[in-house]
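Please model the entire structure based on the sequences and the hints provided.
Chains A and B, in that order, give the protein sequences.
Under our numbering, the first residue of the first sequence carries the number 1, and numbering increases by one thereafter.
Under our numbering, the first residue of the second sequence carries the number 1, and numbering increases by one thereafter.
Because the hints were derived from the structure by calculation, they are not lab data.
Every residue gets a Cβ at the ideal spot worked out from N, C-alpha and C, and that includes glycine.
Misleading hints may appear alongside valid ones.
[To be verified] Computed Cβ-Cβ distance ranges for the label pairs, DEER-style:
no., chain 1, residue 1, chain 2, residue 2, range
1, A, 148, B, 124, 51 to 57 angstroms
2, A, 144, B, 217, 31 to 37 angstroms
3, A, 144, B, 298, 41 to 47 angstroms
4, B, 134, A, 134, 28 to 34 angstroms
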Amino acid sequence: MKDTLIENNPRQAWMSLLAVAPEGRVATLLDAAQERPAFTWLRAPEIGSTMVRGRAGATGAPFNLGEMTVTRCALTLSTGEVGHAYIQGRRKVDAEAAALMDAMMQTTLAARLRTAVLAPLETEVKHAKSTRAAKAAATKVDFFTMARGED
Amino acid sequence: MYVAVKGGERAIENAHAWLAEERRGDTDIAELSIAQIREQLSLAVNRVMAEGSLYDPDLAALAIKQARGDLIEAIFLIRAYRTTLPRFGASEPVDTGAMACDRRISATFKDLPGGQVLGPTFDYTHRLLDFKLAADGDVPEAPSRETAADCVPHVTGFLNREGLIEEAPYDDAPPPDLTREPLEMPAERALRLQALTRADEGFTLGLAYSTQRGYARNHAFVGELRIGAVPVEMDIPELGFAVEIGEVTLTECETVNQFKGSKTEPPQFTRGYGLVFGQTERKAISMALVDRALRWEELGEDNVGAPAQDAEFVLYHADNIQATGFLEHIKLPHYVDFQSELELVRKLRREAGAQQVQEAAE
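Here it is in structure tokens:
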């Protein structure tokens with residue numbers, strides 16, 4: 001997850017975090033923190049794809065790299081807030097939990113959910129990334145010169 | 001003439017039943033789970049995702065299980081599934097400069113910002129069979145090292161500062177999509193890259209090797225090879241802004257190629273580009289070499305008639321699902337076609353025979 005997102009738009013930041021959470025994790029944290037409110041579907045969970053694009057030479061013209069599976073849904077709480085989810089994979093249950101979180105973060109529950117769901121999620125995602133980065137760092141080559149020819 | 005025949009139904013059903021039994025193998029041996037395939041045969045999973053052109057490790061693992069390990073058959077299953085999915089949109093082009101690199105090496109610069117990070121590579125193994133893997137055993141955890149969030153800039157960026165390498169100018173034109181429009185010649189680079197990233201690894205490797213051996217030689221150096229996860233962001237139309245919807249692991253290869261200059265371009269280094277789903281290093285390097293060879297025309301190079309320079313040859317034969325479909329269809333019933341061939345050969349023989357009799361009589 002890009003840190004820049006978090007500064008720009010809080011909703012963008014929490015939606016992104018919810019999308020990269022491991023399977024089942026959002027639901028577990030959410031259900032431990034808060035009873036789920038009543039809602040109606042605007043769009044029931046649906047599985048589809050997104051075409052992932054790259055750029056020629058990393059910085060040039062875009063090209064189509066291939067698709068990835070995505071699940072999306074949208075719902076309205078009985079109090080009127082609308083929640084959306086677009087998350088990688090075929091995960092209808094996770095999409096529902098993410099959309100509920102998105103809607104509830106627009107209510108007075110926001111502060112509580114930030115502490116109980118988003119904060120631990122962010123810590124876990126960061127920890128997973130830094131564990132991997134540390135293993136990569138251990139394979140970094142430290143060159144040293146064994147002998148020089150000019151002596 | 002078309003002749004409808006029936007009678008194969010039971011044979012086909014029974015063949016499917018036997019296929020299922022053979023797929024399972026000896027039932028005294030534990031069955032493979034999808035998760036085991038995903039976790040322990042991950043490079044096969046990566047290849048199926050890359051050539052199936054759909055990033056979903058669980059689906060690729062399922063396809064490998066269903067196909068009994070036949071990767072082209074698994075790719076076929078993924079391509080077929082892909083066509084059933086509604087498309088929600090296209091992502092923002094991924095920023096590989098922001099990749100969380102598992103591996104990042106350069107063959108052109110020893111000391112470079114971000115360093116040479118080997119990652120989980122086969123490169124320095126001795127390629128001796130490891131019989132320890134045949135026994136059960138716990139794997140010790142790999143060592144870690146404290147790391148500051150390193151900036152890992154692209155190598156081509158350094159060369160660019162001196163103007164020694166051609167630019168890859170920024171552009172935002174929506175790219176053509178061969179999954180929506182049939183691939184037609186001449187194919188612009190964006191279309192060629194899409195075709196190459198999902199092309200058969202073996203075919204791409206063979207062509208890339210041919211350029212190294214002298215068929216359209218272009219002296220490639222691996223300027224940089226990086227493998228790691230990049231975030232995927234997509235504009236959400238309902239919201240009017242982009243959010244991260246997930247993360248994909250990619251392999252990127254940028255080659256730096258010697259170039260003496262041409263009528264239109266100064267002497268400088270030129271570039272080939274490979275970007276492939278998953279940890280798929282051989283494929284990404286091959287893609288970059290073939291991409292560079294196909295760029296002869298825009299760089300004003302001579303067409304030396306090498307296979308790797310012929311876009312039509314490369315792109316129309318690189319897709320293993322198209323190729324296998326056409327190749328394997330010839331094993332299906334061609335009874336009527338063959339009957340007509342048989343009639344023709346008999347007729348020609350009769351005519352030739354009659355002519356000989358006539359010549360002998362004269």
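Falls inside 41 to 47 angstroms, the C-beta gap from residue 144 of chain A to residue 298 of chain B? 43 angstroms Cβ-Cβ, so the 41 to 47 angstroms window holds.
Please test the hint of 28 to 34 angstroms on the beta carbon pair from residue 134 of chain B and residue 134 of chain A. Taking Cβ atoms as reference, residue 134 of chain B and residue 134 of chain A lie about 31 angstroms apart, which means the hint holds.
Do residue 148 of chain A and residue 124 of chain B keep their Cβ atoms within the hinted range of 51 to 57 angstroms? Violated - the Cβ-Cβ distance for residue 148 of chain A and residue 124 of chain B, about 25 angstroms, lies outside 51 to 57 angstroms.
Honestly, do residue 144 of chain A and residue 217 of chain B meet the 31 to 37 angstroms range at C-beta? Once the Cβ atoms are compared, 36 angstroms apart, the range 31 to 37 angstroms for residue 217 of chain B and residue 144 of chain A holds.
Of the numbered hints stated above, the single one contradicted by the structure is hint 1.
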